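Peer 1: Chain by chain, the residues:
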Amino acid sequence: EVQLLESGGGLVQPGGSLRLSCAASGFTFGNYALSWVRQTPGKGLEWVSVVYSGDLGPFYADSVKGRFTISRDNSKNTLYLQMTSLRVDDTAVYYCARDRWPNGNYGASFDLWGQGTLVTVSS
Amino acid sequence: DIVMTQSPLSLPVTPGEPASISCRSSQSLLFGTGVHYIDWYLQKPGQSPQLLIYTASNRASGVPDRFSGSGSGTDFTLKISRVEAEDVGVYYCMQTIQPPWTFGQGTKVDIK
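Protein chains in written order, with our numbering: chain W, 79 to 201; chain P, 101 to 212.
Just so you know, the hints here were simulated from the structure itself, not pulled from any lab data.
Predicted model only: the values in this text are computed from it and were never measured.
Glycine included, every Cβ here is placed at the ideal spot set by N, Cα and C.
Incorrect hints may have been included.
Simulated DEER-style distance windows between Cβ atoms [said to hold, decoys possible]: (1) W/V166 with P/P145: 23 to 29 Å; (2) P/S122 with W/Q91: 40 to 46 Å; (3) W/K121 with P/S120: 41 to 47 Å; (4) P/S172 with W/T118: 39 to 45 Å; (5) P/R166 with W/T147: 40 to 46 Å; (6) W/G135 with P/G132: 28 to 34 Å; (7) P/K208 with W/L83: 24 to 30 Å; (8) P/E184 with W/S153: 39 to 45 Å; (9) P/S122 with W/G135: 29 to 35 Å.
So that you can see chain P by itself, here it is in the shape it has in the complex (with noise of 0.2 Å):
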């Protein structure tokens, strides 16, 4: 099975300030036509999981352009330019080039 491995695990952040969370995996989620299949979502207290990035670097409908995606090979980054107070939760990435699909431990978001 496919690990992703996510860090830090908490990171407090203060308004205004970038923000970047790490998510390395066990083998290439490149597949063959050029496609990272990997994905990054946040859930927020009490709600469920939403999606934020898709394949690597594509941003969800209705995601805020303060959230972009990079990364390829086995080495992928969330980085948010300017953190909200909405943007406190928990993100986790996610790989879905092979079954079973398996998420990062998460990395718990949360202000200063």
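Next comes chain W alone, as it looks inside the complex (with noise of 0.2 Å):
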């Protein structure tokens, strides 16, 4: 089956580190760029990070530049957000998702979401 999953989400004190994982199965994970979308609570939608299958980026938002590092370990069909610096308004739901298009290397149209995982930080 193809699918996303993520874990790692919790609890975290603001100032902490949390790292997030995203397992994907059923497709030919290494040609596929992948990003991290967050939602807060009850808000809309704020794309994270990417990372393509090539050499272009990663890039991240502006609000999580210089705390957040996206990376994928293609042996383990794995993709990661390593957060740092956890702020009370990193607080969301965290999900990854994969563009569409093999091999791309441009521009993402997200086809394929995991279910997400929540990461709160609270004091």
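Using the hints, put the two standalone chains together into the complex.
Peer 2: Put into structure tokens, the structure is as follows:
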């Protein structure tokens, strides 16, 4: 089955760190760009970061640049998001999403999403 | 950053009737190849978002043909020819022509 499965969410104090994982199955992971998108409870969607299959990027939202790092391990079919210096306004459900274009090198259209993992930043 | 502005933000609809959502970008979404880098997503209650339309006017796999996307430059529209009860949820446009990629605020569609 083609799917993405996020994990690693939880409760963390302001200033703390957390690493999210997104395990992929059912497709050739290394051929696709992957993104993290987050959604504040009851609010809209915010794109966070993208890592391409090739040399382009990665790219980040201004709100997380310098604090979050996206990476991928193609041997483990897993996408990561290392989050440091967490703030209360980072509280959100974090989704990983796949670009529909194999070997895409510009933009992205997310045709596959995970179910999301909740990150709560609170003291 | 490119700002995506949707309207309306709330759209009560009658089943069987058409519906339309507008998305306006602060910069052109036309790339040199002739492709507009704007997509439309639907997030049904309690679910992850799903892709409806990619690159302005192409229906994603499995999306009913009552959904269509159009527009160019900075003005884009998502249309539902005949709304069905299963179409309720929040609709988002998103641009990926220039990082940071940005979503519209979302349009909540519900049944009158």
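Peer 1: All hints are to be evaluated individually against the structure, with a verdict given for each.
Peer 2: Hints, verified against the model:
For the hinted restraint 23 to 29 Å between W/V166 and P/P145, the CB-CB distance of approximately 26 Å keeps it satisfied. Under the hint 40 to 46 Å, the C-beta atoms of P/S122 and W/Q91, about 42 Å apart, fit the expected range. In this structure the supplied range 41 to 47 Å is violated for W/K121 paired with P/S120, their Cβ-Cβ distance being about 24 Å. Between P/S172 and W/T118 the beta carbons are some 32 Å apart, a value that contradicts the proposed interval 39 to 45 Å.
The hinted range of 40 to 46 Å is satisfied by P/R166 and W/T147, whose Cβ atoms lie roughly 42 Å apart. In this structure the supplied range 28 to 34 Å is violated for W/G135 paired with P/G132, their Cβ-Cβ distance being about 19 Å. In this structure the hint that P/K208 and W/L83 lie 24 to 30 Å apart at CB holds, the actual value being about 28 Å. The hinted window of 39 to 45 Å between P/E184 and W/S153 holds, with their beta carbons roughly 44 Å apart.
In this structure the supplied range 29 to 35 Å holds for P/S122 paired with W/G135, their Cβ-Cβ distance being about 30 Å.
When held up to the earlier numbered hints, the structure conflicts with 3, 4, 6 and fits the remainder.
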